[in-house]
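Chemist: Spelled out from the first residue to the last, the chains are:
There are 2 protein chains.
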Amino acid sequence: MVNASKSRAKSLVPLFRPRSVAVVGASRRPGAIGGQVVANLLAAGFTGPVYPVNAKSKVVHSIPTYGSVEKIPGPVDLAVLVVPADQVLKVAESCGRKGVKGLVVITAGFREVGGEGIKREEKLLAIARKYRMRVVGPNCMGIINTGEGYSLNASFAGTLPEPGPVAMVSQSGALGEAILADATAAGIGVSMFASVGNRADVTAADLIEFWEHEDEVQAILLYIESFGNPELFVQAARRVSRKKPIIAVKSGRSAAGALAAGSHTGSVAGADMAANSMLAQCGVLRVVSFREMFSLAATLLHQPAPKRDRIAVVTNAGGPGILATDALVNCGLQMAEFSKETRSALKKALPVEASLHNPVDLIASADASRYRAALHAVCRDPAVDGVLVLFVSPIMIDAAAVAEAIISETRRRGGGFRKPVLACVMGRQRSLEATELLDAAGIPVFRYPEDAAQTMRSLVRRGIMLAREPAGLTAYSVQRRKVAAMLKKARGWLPAADAEAVLAAYGVPFAPSLRVQDASAAEAAAEKIGYPVVLKAEASKLLHKTEFQAVLAGLQDGQQVRAAAKDLAKRLGRKFKDLSLQVQAQATGHREILIGMTRDPRFGPLFALGLGGTEVEVLRDVAVRVAPLDDQDPVEMLASLKGAALLDAFRGKPAADQALACELLLRVQQLVFDHPRIAEVEINPFILAAEGLPSLAVDARLRLSDPA
Amino acid sequence: MVNASKSRAKSLVPLFRPRSVAVVGASRRPGAIGGQVVANLLAAGFTGPVYPVNAKSKVVHSIPTYGSVEKIPGPVDLAVLVVPADQVLKVAESCGRKGVKGLVVITAGFREVGGEGIKREEKLLAIARKYRMRVVGPNCMGIINTGEGYSLNASFAGTLPEPGPVAMVSQSGALGEAILADATAAGIGVSMFASVGNRADVTAADLIEFWEHEDEVQAILLYIESFGNPELFVQAARRVSRKKPIIAVKSGRSAAGALAAGSHTGSVAGADMAANSMLAQCGVLRVVSFREMFSLAATLLHQPAPKRDRIAVVTNAGGPGILATDALVNCGLQMAEFSKETRSALKKALPVEASLHNPVDLIASADASRYRAALHAVCRDPAVDGVLVLFVSPIMIDAAAVAEAIISETRRRGGGFRKPVLACVMGRQRSLEATELLDAAGIPVFRYPEDAAQTMRSLVRRGIMLAREPAGLTAYSVQRRKVAAMLKKARGWLPAADAEAVLAAYGVPFAPSLRVQDASAAEAAAEKIGYPVVLKAEASKLLHKTEFQAVLAGLQDGQQVRAAAKDLAKRLGRKFKDLSLQVQAQATGHREILIGMTRDPRFGPLFALGLGGTEVEVLRDVAVRVAPLDDQDPVEMLASLKGAALLDAFRGKPAADQALACELLLRVQQLVFDHPRIAEVEINPFILAAEGLPSLAVDARLRLSDPA
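Just so you know, the protein sequences line up as chains H and C, in that order.
Counting from 1, position 542 in the first sequence corresponds to residue 542 in our numbering; the numbering is continuous, with no gaps.
Counting from 1, position 277 in the second sequence corresponds to residue 277 in our numbering; the numbering is continuous, with no gaps.
There are no misleading hints in this set.
Remember, identical chains collapse to one label, so a pair may be satisfied in a single copy or spanning two.
Each computed DSSO-like pair below joins lysine-lysine, with the alpha-carbon atoms no more than 30 angstroms apart: (1) K653 / K545; (2) K577 / K489; (3) K653 / K575; (4) K119 / K56; (5) K119 / K348; (6) K653 / K642; (7) K545 / K642; (8) K642 / K307; (9) K570 / K653; (10) K347 / K119; (11) K653 / K577; (12) K653 / K566; (13) K577 / K566; (14) K541 / K653; (15) K541 / K575; (16) K130 / K6.
Hints listed in this document are in silico derivations from the structure and should not be mistaken for laboratory results.
Please take these sequences and the hints and turn them into a complete structure.
Modeler: Here it is, written out as C-alpha cells:
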C-alpha cells in the first residue's frame, strides 16, 4: 500500500518539477487567461523553456509560438491547457502522443456543467490513462512550485507567494486566488500550490501523498468542498498527518451550505458530522476560517503541540486576562491549577497587588524582570501544558525588553520551546518592536485573545492526536456462520425476530420476549416471562412504534395484558395486515441509549452511539464516527456527548455500564464488517443498567442491501 | 425618572466639557503618568487652560505649576488626580473647596486592593457627595472628548483617536488603551471615551444616559466586567438602545473568567446567563470580540437593521458562496428563498452556468453589469431581508466598476440603504480600489465571510429588537391577602404543604394529594385519591428527593402502597426525624418542565423556564430572564430552549400546553412581586399535558428571606 502510494506520488513529479512547459491556448488578447499563464511563467522566472502553442498568433509575450504541441522540438513534461472546452480532448491526445507527462487543464465546461460535460471529462480521463498522463483540473486555476531551480507559476493567479514551508490545495479556483493573497499578507511562504478544480484525476489525497516526501513542505493546508475518494483520503491523511500537520477548511458545514456545494443527500447534517468526524479521526485539524488556518499554520511551524489542555495565562492587565480565560474555556480548554511551588515562587517574585492564581496578573507596572520571574515559575510547572502571554504595553515599560524576557524564559536551551507559548499584544502602536521580536523568535502574536485561544485549541488537538496510541481492536467470539446463513436469502428490513436473532448471535443481549398472535396467547406468554411486561405490536410496515402508540408498558397482570392486546388489535389491525404481538419482560435499567450504523455512499459505515429513547432522541445527542473504529473510539464517543453526565452517577443513581455500551458498538462493527450486505442497524432503546446488572436491548432494526 | 436621568447626565458635562483642567501630581519625571497626562492635554490641543499642580517642581512641560489646586487663580472645572493614594482624600477636599465640578482619579490603591482601600474609596465618595463633584475612577486611565472646541485628552492613553461618531466606556484601563488603538486602526472615529476604573461614582449607566443627549454620539461601545447597579443600567440601556445602538463586550463569560473578574458567587454560569439575558432584554448587542465590536459599530452607522433574518448571498465564485452560507446558517440566520419573479429575472440576466438559487453564483466571468442585474432582482425581493455580496476579483474584471454597481444597485434613491448590504472582497491585492469605494459608500467590507455573517446576525438582532412591540403584562386574579397572611410568620424553606398552598393561591394547579403519617393511613388516602398513586417521603431537610429514592411511583393497589410506605420509613426514618408521607395522584401528562425564580444579588429576580424532571435537568436546558417579564417573554424563553422540539408534537404525541407554562411563569412573577420576601421558588417537575388536558405540578419548593 505504501509502495502504491509512493508510485502515485512519483507520478506527480513532472507536474511540479517539469523540465519544460507548453501553454496550449496562449493568447495575445489582453486579459485572456492563456496570455496571463504565459506572463506568470515568465514573471516567476521558470528555469526551463516555456512553449506557447497558438495556431494563429506567431508570437506571444515575445516568444515564438508553435502550431501544436507535437511541433515543439524538445521534450515537454507539462502542458497547460487554456483552449476552448471542445478542443481539449484533441489537444490532450496530441499531448499524449508527444509524450507529455502532466496536464493542467484550466478550461471549464466539464463535469461542473453536467450532461455533455460529464462525458467530456470521462473521455479526458480515458486519454490521460492511455498515455499515463496525470491531470490537474479541469476547471482549475493551475499549479505553483516556488522551489529553487523551478520557480514554476503555471497558473493565472494574481499573486505569486514567497517560497516557504507550506503547501496548499484548493478545490475552488477563486478561493485559491484569495488564500494565496492572504498567505502572502500573513507572511506565510508557500512551496507548492494546486487548484484541483473538478479533480478528474489528481485529488487532495494525491497531493498529500506527494507532499509527504517533499522535504521543503512542513505543513499542508486544504480547502475542500467534498472528498473525492474518502477511502484514499483517509488512508493518505491518517498516515501523513502524523508527520506533517494538515489543516483544512471544509465548507458545506450547514445543510444549506452543503446544498450549495452540490451535495444532494437526505441527511446533510449527518454528512457534515461524518466529514467532521472523519477529518478528526485522520488527524486533520479542521478550522472554520482562513484567518485561523494561517495563524495555526504559522504556529505549528514553530511551536510544540501539548499532550494535555491545561493552559496558563500571564498578563499585565486584568481585563485581557479575563477575556483570555473566557476564550480558552469557551474553546474547551482548562485553566491550569498551579502547584504549591509555582504559587510560592510567584508570591516571592510579584508585588502584593498581583494575582498569583491563573490568570497571573502581573499588574501594569510589570517590567521585563517581572515577566521573566513569572514565566520562569509557570513554564516549569508540570501542571501547565501551554502558556498564553498577554502584554498591553503601558507607557513606562520597555516593550522590547519584555519581549526578550518572554522569548528567553519560554525557550529551551539550544532552541525550540518546551511548551507552546502564544502571545497577545494589545495597543499595538507602542509595541511594534516587541511584536517583531516575538514573531522572529517563533512566538506567534495575536491581536485578540479569542484568536490565540482558537489556535491553542488546535495545538492541543494535534498534541492529543499525536499522543494517542493506536488502540487495538478486540475480536469478539461470535456466531458468524449462523448469521451468514440467516442473511443469505433475506432482503430489506428483517422481521423483528430475525433482527434480534442476528444481533443476539453477535452478543447483543435482548430482554426476554415471546411472539404471539392473540390476546390469550399473550397472557400465557406474560405468565411465563413474569410481570410486569411490555406488549408491542409488530408489523412489517410498522417502523416507528411510538408514533402509533404500539408499545404498552407496565402491564401488571393477565387482565391488563389481555386488554392491551385487544386495544392494539383494534387500533392497528386494520392498518397493518401482518400485525402480531411481542410480549417482553420490562427492562429496568435507568439509561436509554442508541447504538447504530448506516452506510454512507461517500464515507462507508458510520457508527452512532448516543442517548436513546424517544425524548432524548429529539435532542439529537449522538456521536458519529467513520469506520474503522478501534477499542478507544467508543469510549471517546461517549465522552463527547452533551449529555455524557447522564451516564455517570448523579442524584443517587449509580453510573451506567458504559463499558458494555462500548463493547456492543464494537460488536456491531464486527457484524457489519463480517456481513457487508448489512446496510443499516439501529438498537434503540438499549436499556443500560448499572455495572453488574443486566442491560438489555428492547428494540432493534436491521436492513440489508440487495445482493450484488 | 427621565428628569432624574437628565440631571444626572447634566452633572457629567463639566467632566467632558471643562473650561479648565488641573492636573494634580503633574510630574517632570520621564515616564511618570502625571507628566504624560499633561503632555496628552497639550498635544491634543485642549482649548482652555491646563494647570499643573506640583508642590516641588516649578515648571512641568514648560507650564508654571501651582502648589495646590486652591492656589490656581481662575475657576477649575476638572481636576485629574495622579497623586499617591494616601494623598487623594486631602487633594479631593481641596478640590471641593476650590469649587471643582469633576474629578478623574487615576491613582490606584482603592477598592481593588481590599481592606484600607475600600474605606479610602468610601471616604472619597463622601467628599465628592459633600461638594457635589462627580468622580471618574479611581484606578482608571482617564477621559477623552475629541469634540471641536474642547479637544480634551485627560488620560495617559498612548493613542488619541480621530473625532467621530462613537463613544466608548472601558472598565479596564489597559483594554481601554488597546481599544482606542484598535478603533483608530479600524478607521472608527471616537467622540468621547472614559475609562471608569473602580466606578466609585460614574458608571457605564451614567455615561449611557449622558451620551443619550449628545448629538455627535451615534453609537455606544462598552467593555464591562460587571454591572455596578444593574437596575440603573437596565433603565438607561433599555431606553437609550432604542435610539442609539449599544454594543458590549462583557467578559467573565466562563466560570473561570468570572472568577478572574472577581465574581465569587456560587453559580457563575447562571450569573453569565443572567448577564447575557439582561443585555439582550435591554437591547444591548453583546459581541465576543473587539474585532466584531468595531465591524458592527462601523456597519450600524450606515446600514439599516432588518426585521427578519432571511439573507441572500450574491457571489462570483462558488467556494466563498458555500463558506458564506455555512457562516450565515451557523449564526442562526436563514438563507432567503427567492420569489418566482426573482428567479425568472435572474434566469433572464445570467448565463446558464450560473446558479439562480441562493447563494446566487454569477460565476467568474461576472462583470459590473451582471452584478447589477442580479442585485437589482435580489434587493427587490420581499423575501430577502439582507444581502451579502461576495467578490473575488478575477484578473479580467474591472473591480472598481463592480463596486460601483454594488453601491448603485443596493442604495435607495436619495441615499441610504433599503436593506442591509455587507460585502466580502477576497484576493485583496487586485481590488483595493473596489474596497475603498465600498467603504466610502457605507458598505462595510469584510475579509472573510464568517466576520460578515456575525455582523449580519447582530444587525438582525437589533432589527428584531427595534420591531418588538412592548408587550403588555396580564394581571391575574389571585389570593394576595391570603398569601400575605400565610407568609407573615414563616421563614426559610416552607413545609411542602405550605409551599403548595401559596402557589395554588396564585393559580398553580397541583396533583391531588393527601399527607399522612403511616402506612395504613397512606392506603386509605390512596383509596380516596384513586390508583395509580405516587408515594413520597417528606421532611424539612429532605430537599433532593430523587437522591434518596424518596419518590415511589406507579403504585397500583393498597398492598403496594403499604409496602412502599414501610420501605420509606425503614430507609429514611432514622435519617429524617420529621418524616411524613404524601400520597399523590399519578400525573399523566407527557412533558416535565421547570418553573422557577431566584433572586440574584446583582440582577434581582431571575426567572427560569425550561425542561424539568431529573434526566433532562442534567442537560441544563433552561432559559433565564431578569425581571420584569412581559407577556411575550415566556413565549420567547420556551422558543429558545435547545429541546424546544420536545414541547411540540412529535412521534404521534400532541404538543404540550405551552400557553399554560407561560401563564404560570407570569403568575410566579406576580407572586414574587407581591411578596418580596420570597427568595426562591422552584416548581419541578410540572407535568405539562396536551392543551385541554389537566396539567399538574407534582413538586414545589419555596424559600423566604428573613423579614427586614
